[in-house]
Every structure is written in C-alpha cells, then in structure tokens.
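Undergrad: These protein sequence lines map, in sequence, to chains A and B. The first sequence begins at 116 in this note's numbering and counts up one residue at a time. The second sequence begins at 4 in this note's numbering and counts up one residue at a time.
None of the hints are false.
Straight-line C-alpha distance at most 25 Å; calculated SDA-like pairs for lysine to any residue: (1) B:Lys324 - A:Glu399; (2) A:Lys320 - B:Lys307; (3) B:Lys324 - A:Arg300; (4) B:Lys258 - A:Ala494; (5) A:Lys506 - A:Gly389; (6) A:Lys320 - B:Gly298; (7) A:Lys506 - B:Ser89; (8) A:Lys506 - B:Leu32; (9) A:Lys320 - B:Ala297; (10) B:Lys307 - B:Ile320; (11) B:Lys307 - A:Trp317; (12) B:Lys324 - B:Met194; (13) A:Lys506 - B:Leu34; (14) B:Lys258 - A:Val318; (15) A:Lys320 - B:Val309; (16) A:Lys320 - B:Ala301; (17) A:Lys506 - B:Ile93; (18) B:Lys307 - A:Gln323; (19) B:Lys258 - A:Ala497; (20) B:Lys258 - B:Val237; (21) B:Lys324 - B:Leu32; (22) B:Lys258 - A:Asn321; (23) B:Lys324 - B:Arg212; (24) A:Lys506 - B:Ala101; (25) A:Lys320 - B:Ser264; (26) B:Lys307 - B:Ser264; (27) B:Lys324 - A:Ala401; (28) B:Lys324 - B:Gly208; (29) B:Lys258 - A:Phe445; (30) B:Lys307 - A:Val318; (31) B:Lys307 - A:Tyr303; (32) A:Lys506 - A:Arg390; (33) A:Lys506 - A:Thr381; (34) B:Lys258 - A:Phe490.
The set of hints was computed from the structure by calculation and includes no laboratory data.
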Amino acid sequence: MTQSRLVRLVLASVAAFLLSWPFVALGADERTGFTVTAWPALQVALLVVVSGLAFWALIEMKERWPAAAAPLHSAPRRAMSRWAAPGALFVALAVYPLFRPPADPMLGLVLDTMTFATIAVGLNITIGMAGLLVLGHAAFWAVGAYTFVLLTVHFHLNFWIAFAASGASAAVVGFLIGLPALRLRGDYLAVVTLGFGEAVRWVLKNEQHVTGGDAGIPGSEIRGNLWEPQGFLGDWLWQPGSGSDVLRECYWFALGLLAVCVLCVTLLSHSRLGRALFALREDETAARCMGIDTVRIKLIAFTSSAMWAGLAGVVTAEYRGSISPDLFDFNMSVLFVAMVVLGGLGSVWGSVLGATLLWTIPVLLQDFFPDIQRFRMLAFGAVMCAMMVVKPDGLLGKKGSK
Amino acid sequence: MLQALLNGVVQGAIYAIVALGYTMVYGILTLINFAHGEVVMIGAYAGVVTLAGLTGSGAVESAGFVPCLAASIVAAMCVAAAYGFSIERIAYRPLRRAPPLSALISAIGVSIVLQNYVMLSQPGRSAPIYAPTGTDAYRATFGGVMLQFDPGDFGKSIDRFVQGLGWDRFYVGTGAVTVLDAVIVVLCVAMMAGLWTFVQRTRTGRSMRATSQDRVMAGLVGVDVNRVISTTFVIGSALAAVAGVLISLYTTQAKFDMGFSAGLKAFTAAVLGGIGNIPGAMVGGILLGVAEAAGIQAFGAPYKDVYAFVLLLAVLILRPKGIMGERVAEKV
Chain A
116 MTQSRLVRLV
126 LASVAAFLLS
136 WPFVALGADE
146 RTGFTVTAWP
156 ALQVALLVVV
166 SGLAFWALIE
176 MKERWPAAAA
186 PLHSAPRRAM
196 SRWAAPGALF
206 VALAVYPLFR
216 PPADPMLGLV
226 LDTMTFATIA
236 VGLNITIGMA
246 GLLVLGHAAF
256 WAVGAYTFVL
266 LTVHFHLNFW
276 IAFAASGASA
286 AVVGFLIGLP
296 ALRLRGDYLA
306 VVTLGFGEAV
316 RWVLKNEQHV
326 TGGDAGIPGS
336 EIRGNLWEPQ
346 GFLGDWLWQP
356 GSGSDVLREC
366 YWFALGLLAV
376 CVLCVTLLSH
386 SRLGRALFAL
396 REDETAARCM
406 GIDTVRIKLI
416 AFTSSAMWAG
426 LAGVVTAEYR
436 GSISPDLFDF
446 NMSVLFVAMV
456 VLGGLGSVWG
466 SVLGATLLWT
476 IPVLLQDFFP
486 DIQRFRMLAF
496 GAVMCAMMVV
506 KPDGLLGKKG
516 SK
Chain B
4 MLQALLNGVV
14 QGAIYAIVAL
24 GYTMVYGILT
34 LINFAHGEVV
44 MIGAYAGVVT
54 LAGLTGSGAV
64 ESAGFVPCLA
74 ASIVAAMCVA
84 AAYGFSIERI
94 AYRPLRRAPP
104 LSALISAIGV
114 SIVLQNYVML
124 SQPGRSAPIY
134 APTGTDAYRA
144 TFGGVMLQFD
154 PGDFGKSIDR
164 FVQGLGWDRF
174 YVGTGAVTVL
184 DAVIVVLCVA
194 MMAGLWTFVQ
204 RTRTGRSMRA
214 TSQDRVMAGL
224 VGVDVNRVIS
234 TTFVIGSALA
244 AVAGVLISLY
254 TTQAKFDMGF
264 SAGLKAFTAA
274 VLGGIGNIPG
284 AMVGGILLGV
294 AEAAGIQAFG
304 APYKDVYAFV
314 LLLAVLILRP
324 KGIMGERVAE
334 KV
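Generate the whole structure from the sequences, applying the supplied hints.
TA: Laid out in structure tokens, this is it:
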C-alpha cells in the first residue's frame, strides 16, 4: 500500500512537471521564437516533489495516528474551564498594546487580524453552520465601511450612531441578497454571491459623485474627518480613534468587537437556532421534515453574518482613515472563505485560528522572504483544496454528525 | 445598432463554447466546475505561446498563418485536456462522496491556484501595471503583474492572417464582420453540433447520458463511471482551450485573470440556456452576448460586467431551469 502510494506520487510529480513545463520553462517571443529557461522548471519540479511528499506524510500520519487527526476538544468540559482559555487570551490581547511603543506596526497587524477574525467568525454562520457558500462576503464589509464613512464625513453623525447604522445597512443588504438565495441550491448561491460582490465593487467604482470612484469617498482622506468627535453626543461620549492615540484606541475597539462576536456566535451555535442551522447544513430536506423553518433560519444566517462584516468594516475604515473599492475585491472574499475552511466549518475558534494563521504568517515572514506576498493567494487556494481532500473538518472542526 | 448586435453575437458565441464545458460537467456530476474558466485561460496561454513561438521561428512565414493557428489550437487543446484530467483526479475525485460544499470549495481552491500559478510563472513582457489606488502593502499583496502579450505585435499577426486570406471584412447590411468574427461563430456552431452528435450517437456518449441520469445504476450495468467522468473533463477542457485561443485572438491579449470573467459569463450562459443541456448552452451564450451588447448600448459601458449578473439573478429567480432545461426533481 505504502509502496504503491509512493510510486503514484513519483508518477504524479513527473506528470505535474510535464504539465507545468509550457508555463514555467517555455517563453515565446515573436522575434526569436521559443525561449527555454531551465532553472524555473527545476524549481517547479522541486516544489511539486516537496509538496507531494508533505501531502503524502499528512495522509500517512492520518492513517498511523488517528488521534492526531481527531478534533482537539472532543470531551465535554465544565463551564469554568471552557471560558478560562478564551478569557486569558482576551486579557493578554488587551494588555498587549501597553507593552509596545505607540505606533508599533505589530499593533496594526494584530488589529487587522482581529478585524478579519470578526468577519471570518461571522461568515462561519453561513458557510460553517448553515452550509451556504458565500463568495462575496467582502461586499458586506464594503457596505459597512462605506456607510460609516459617508455618514461620518457628510452628515457628521456620532460614531456610535454611524457604527450601528453600518451594521444595520450591511444586515439589510445581507437580507436582500438572502431572498433570492432561498430558492437556490448551494452552487448557484456561490455564483450569485460572487456576482453580487463584483457588482458592489463596480457600483463603488462607477458612482463617482457619491463614493469618489477609485480614490475613495471625497473628504475621508483628510484624517481628522473620521477621527474628530462629531455629532451632538460627540463631546462627552467616548469614540474610538478620537483621542491622541488612534492606533491603540482602534485596537481595543477591534478587540471588543471580536470578543462580542465570538461570544454571540458561540452562544448561537449552542442554541436551538444554531442546532437548526447545523441540521440545515447536514440535510435540508430532513431539516424541513423535522419542522425547521428553513426560510427563516437561512435569512437569519445571511443577515447576522452580513452584520458582523459590516461592523468590522467600521473598524477598518476608522483605523485606515480612508477606504477605496479595491480593498474589497474578490481576493478578500476568497481569503475569508479560506480562513473559515482552514479553521473548520462550524467551529468559532477555528475561524479565529484560521484568520490568525492566514493573515499574520505571511506578514511575519515578509522580512525573511520579501517575495512571500506574491505567493499568498497561491497558498490560500492550495489550503482550501488540500483541507477539503485531506481533512474536511478543518483544524478545529467537530466531526459532523452523519 | 446592427453593429452592436453583430458584436454581441460574436461575443456570445465565445461564451457558448465555454458554457458547453460547464454544462457537460454539471450534467454528469451536478458540480459547477469553478476551475473551468481557468482552463480557458490555460488554453489561451498554451495557444498564444505556441503561436508566438511559431511566428518567431519562421514557421508562419514558410507554412502560412492558418496551419500554424490550427497547430497552436491543437497544442492548446492537448495541454488544457491534460489539465482538465488532472484537476478532476486531484481535486474532485477524492470528494465525490463528500457533501457538495466540500467539492465546491475545492473547485474554487483549484481555480485560485491555477490563476496565481500562471501569474507567477509567466513573466510578462510588458511593464507591470499596478492598481492605481491603495496602499503600498495592498499593492504588494494584490497588485500582481498584469501580463500582456504585446497587442501591437500580436495584432500584426492577425492582420497578416486576415490579409493572407485576401479579404479582411465583409458586410451584413450596415454592419462590418471581420473574418475572425465569422470563424468564431462557425467554430462555435460546428463544435456544438459535433458535441451533440458525439453525445447522442456514440457509445461513449450513451455512457455519458446514462451516467448523468443515474451514476450508481450506470455503474451497475457496466459503465465505467470514472472513465466517463474523465472523458467528460477532457472533452470539456479541450473545448475550453479553443474558446481561450479565440478569446485571445479576439481581444489580442492573454491575461492570467481572463478566466474569471469568462467563467462567470459562461456560467450565466449555461444557466440561461438550461444547465445540463447542450443546445441550451449555445442559445444561452448567444442570448447573453446580445443582451450584454444591448445593455452597453442602453446604459453605457462602465457596468458591462454587471448586466450578466443581473440577467443571471433574474433567470435564477424567474425560471431556474433556464430556457431549454427540464426541471430536475431534487434527489433525496
């Protein structure tokens, strides 16, 4: 068995080498004809063999030590210990900025990670729990961010009102896009949400008089416009970002949002509604036969998931100080899906872990491998594919009840 | 107006060829092959690299453009077919019993891998073009290199092709049609007819229809299901390669992200015509092309890519089975 798998691996590497040859080693020039470069071809061969061996080792490991592949927390634990580790993590993240210089890039990195973790945990409601694949989640993020900036810059609304309005507008858009989704099977839904995400970006790019086109909302690039306390409550109600230390205030705000999000979604997944969502994922027909109102819970899943992305958009806008449509492109939607998939469908902490791994590791490695950012998307795609084939439950996923 | 309509038909014929691949795979696996658009792109690259190489090595001068174009289309079909076969083996076959969501996510993963793999491995000859906005870090992350086979040079070969035939364009009423336009439409109809005959008349075609009706039952009566599925992928990918070469001739460039919009449009076309239905793919493709041309005439070009999406949404809500499709009962 092992032997034949190794042989197949070698054969597959040879095939992959031959397949990739026209793209990697062969250049063409109208003037000189074909040009062949040997070194990139060897690099590819090496890459294929190494990743093939890694893949093989993973499968071997899964067969030899089933325990390693089993979910990390399978035994039920007492309530005390269940909240101990998250609580410690929360405290550690909360005091972390106090030990760093004020404008430390590390704080920005952690802040971004927490924002993306919020979005990934929210997305987990639709993809992980309800089993509805959404490929345009960046659009909800964009709707939240744009609503916030427009309301703050043009109408000078108080931060908290704009914050709530951003979540609400993203939720409304999520509800509207959820309506056609009620009739669609999973794969149609993926394409519709993908198209929706692109359509939102085109609207942001083209409606220049409102959104400022490619440059972002006019006026938002003046930094004070987003950060000054505004509105009739502005003078005495604290607003993140309005003090002297924008980065730290936004950091704590992002941490608070992530904590609330994790808490809400964890409670949701243990609730009656959460169970109904899991049932929907496993088998829609059976769920309906059990008396679950699938229309209602699908809409709830869409709306709440979009709301978290919208709220995270506020953090992004506030921290960056200005936004532009290209930030919210298809690659980001894919990134969010990859985070959920890597962490484990339906696992809240899995999404947090997935966001941490996929966002921080490339940035941290950037100092050592300057080229790494170019290879990120390649890695995300490979992660999505490999996780589905090797370990569909994700790193922290629970085994779905069959 | 007539010119716009003609352009729409040509564009639609290209969508239709790509849509054939979606429809075949969906008919058999009920899986949207998200990587199909990327196979189109792979085919375009293989074809353009071959064609440019043949031009450079003097083969076009000695043998003429048409045989060289045919050779590069064949080369593109071979490469793309190999890719289609491998994609099915690596990413779809292990997941055939898994929930549909797993196969879908895996398909998207493959599509992203292929897109970035070509972007990284084929260095462009023209200067990299970056997105005009965004921070440096963002550009470094997502800017990427936009690869263009120099449109000037490549345009010249097409001109040479057209001159080689001795007539560059003819007229339908007041609308001008280039030879390339005619070639695209004729190839589209020919491939649709060929595929239809193949599926209806040959033994393999019958196995394919049996597999699409009931995979388990087909296996029980002696159809080699794995082989049929592989054949489907090979044929669909070869067709995609033809479409890819035609797209790069039509737009005079091959780009690593060309598969994304081609895939989305072709999927819309397949759904519009009734997914799983071969003549439907063609009807849907041409309708979509015409509708898009009409949309551009009526509302302007900035929203070019949005019309297809609106149409897709409308079809899925109003008539999910498409124009020529039959309603398929959900299997429990």
